[in-house]
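One letter stands for each residue in the lines below.
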Amino acid sequence: MSDRAKIFADIRRALGVTGAEEARRRAVEARLADPPESVIPARGQTPDPVALFRTEAERVFATVEMVGAAADIPAHIADFLQAKNLPPRLRKGADPYLAALPWHTTALRLDEGRAEGADQVGLAHAFAGIAETGTLALVSGPDNPTTLNFLPETHIVIVEAQKIVGDYETFWCELRAAYGPGGMPRTVNFITGPSRSADIEQTLLLGAHGPRALHILIVGTAVP
Amino acid sequence: MSAPLNSADFAANAHRALGDAHLQQALHVSRDGFIAKRAKAVARLPEFEALRDAARDIKAHTLANLDLYLEAYEAKVLAAGGAVHYAATTQAANAIVLDICRRHGAKSIAKGKSMIGEEMGLNAVLEAQGITPVETDLGEYVIQLRHEMPSHIIAPAVHLTRDQIAADFHRAHKALPPERDLSEPAALLTEARNILREKFLAADIGITGANFLIAETGTSIIVTNEGNGDLSQSLPKVHIVLASIEKLVPTLEDAGTLLRVLARSGTGQDMSVYTTLSTGPRRPGDPDGPDEYHVILLDNGRTKMLGGDFAEMLRCIRCGACLNHCPVYQSIGGHAYGSIYPGPMGSVLTPGLFGLDHSADLPNASTLCGACESVCPVRIPLPKLLRQWRERGFARHLGPETQRLGLAVWGFFAMRPRLYGRAAQIGMRGLALLGRRGRFRSLPFATSWTTSRDFPAPQGETFQAQFAAARKKP
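Taken in sequence, the protein lines are chains A and B. With positions in the first sequence counted from 1, the corresponding number in our numbering is that position plus 948. With positions in the second sequence counted from 1, the corresponding number in our numbering is that position plus 22.
Each hint should be verified, as a subset may be incorrect.
Unchecked claim - Chain A side only, calculated, beta carbon under 10 Å to chain B, not exhaustive:
#1 Arg1124
#2 Ala1125
#3 Ala1126
Said to hold, decoys possible - Which bits of chain B does chain A cover? Going by a derived footprint, with three or more residues having C-beta under 8 Å, they are:
#4 46-55
#5 214-224
#6 253-267
#7 270-282
Hints listed in this document are in silico derivations from the structure and should not be mistaken for laboratory results. Glycine included, C-beta positions come from ideal geometry on N, C-alpha and C.
Working from the sequences, and respecting the hints, build out all of it.
What follows is the structure, encoded as structure tokens:
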């Protein structure tokens, strides 16, 4: 007997079932097709998720800037890098939103593609923000390669204000709307602050293997 | 080969741990941090208790339908281009990992933190085949350098002080200048980051655990703060996920509910820094990510627990809250338990997975104070389960004979209430007479109490006599 057959047989023996029970099958299919609503914290049910997102992201040591219009993004990034004494050079993916920005108005040098070990600054465009915990949601692909989120020491993320949702339940709905029911991007990265470790005497240290700094630009205003 | 287990030496281990100054210092530092951080996070979320109920119900529902959710999960992983491997035992799981390594001619492996990997004793198996596994979680890296087991399920090096870790780094990182200053934790972290960065980039295969598996989408989830798990799984050409069958949850919403209680219970964070949902290998056009995505589903005793008295233990999401709040764990640390799963959850799980014969002391390593159950995010009745193991150990004569004798003597009197009352009265009066100074510095049959503290002498009448007298009053 294969290990697969053995494990299924052992589970069914333990549960006293055959696996063919109609009622069980229907209950499982129903739950997978239409997930029941669970407890949703009131915290995310705010009329101003952008403000809550900012508060929560700053609580976990991300830095946050508000940017009026997309066209202002390159200048904000150039200023940020200068203030941090970082070289005016960053790596990004093929994201069309980022590609359309007026980079020529700055002296920034852009590299495209997946992150390399030597990259100091990575730039990504978030799929969404989740206000409840100040969390960014990034999806993998040629537009925003996953390695950009982890290899460079400084991570700059653009999130549009209208993409910031209050709670995780709303986010799952957005994700299903984009990828189809049961469909998923290869990777969804929830990112809540810069990387850290408390493995040495419970001392909180920022900058473990991932970025030491997470800088978030919130662009525009939420559509009422 | 499976995980090293020396739970039979619990009493001696615990004794040694209590006398270990380094360990006591490290435990003292960690204890208050964990408890305060959880309390703060819980206070900020009024729905936390309702979320614990919901989390318990999700896991209970999934376990009751585990066969069907596994089928649904497997179909989704395959549809996404991944592979699912079933392993009834740790030997089978190790063989699957080795087979994948051989096919790719792997020499070096970057490992994210995985308790299933610990359960399999995977590192030793890989090393025996000339493959170098590198633990990339900072705490796991430190204990790998020391050839130790983790002492905590989410903070593997919590038993060590910074000075000990600095000494290990000086010993292990010989290429660096010996006079460098490693007195600050930040210096240790930076050094580990630089060393491990090379290992990530050179690794042929990445291995991670999984906090959850989602049936709806065929997704595995890892939760980390360092980002090591993500580098382990996105840089090498092959990603292997090690998971046990009870990690399954039905839907994205269900995973979301469990995530809401996981980090708050363990580290006191609302969310860990990186929560990563992975579904299959690299897609067409992807510039990064693994070419192959394998999930190994391990049973190793879990289906045996599923139908029995310890099924509730399978709800555990490995947050570590019961360890952090346990007065026994916080006094002796994790290594004394002799199992990779220490503390209250470990004292229930270890006999379940590895057998009670070698771990009969563990269910007794508890005061049954109930702190563990009061903080468990999925409401596992740990004291009840510990008591059940005690009953089994007693029935199978696994405890010391003196304990049976004592219980037999007590049972003789307890079944004869009049005699019990009289004997207790005589005993108390005798003790009170001998202990006129109000306390005993030493007492026969109670030396393990009196070696470290005084035993109070009885004052006045026995409880039963006082109770009877009070009832007689009008």
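- [ ] Check each numbered hint against the structure and report the violated ones by number, ascending.
- [x] 2, 3
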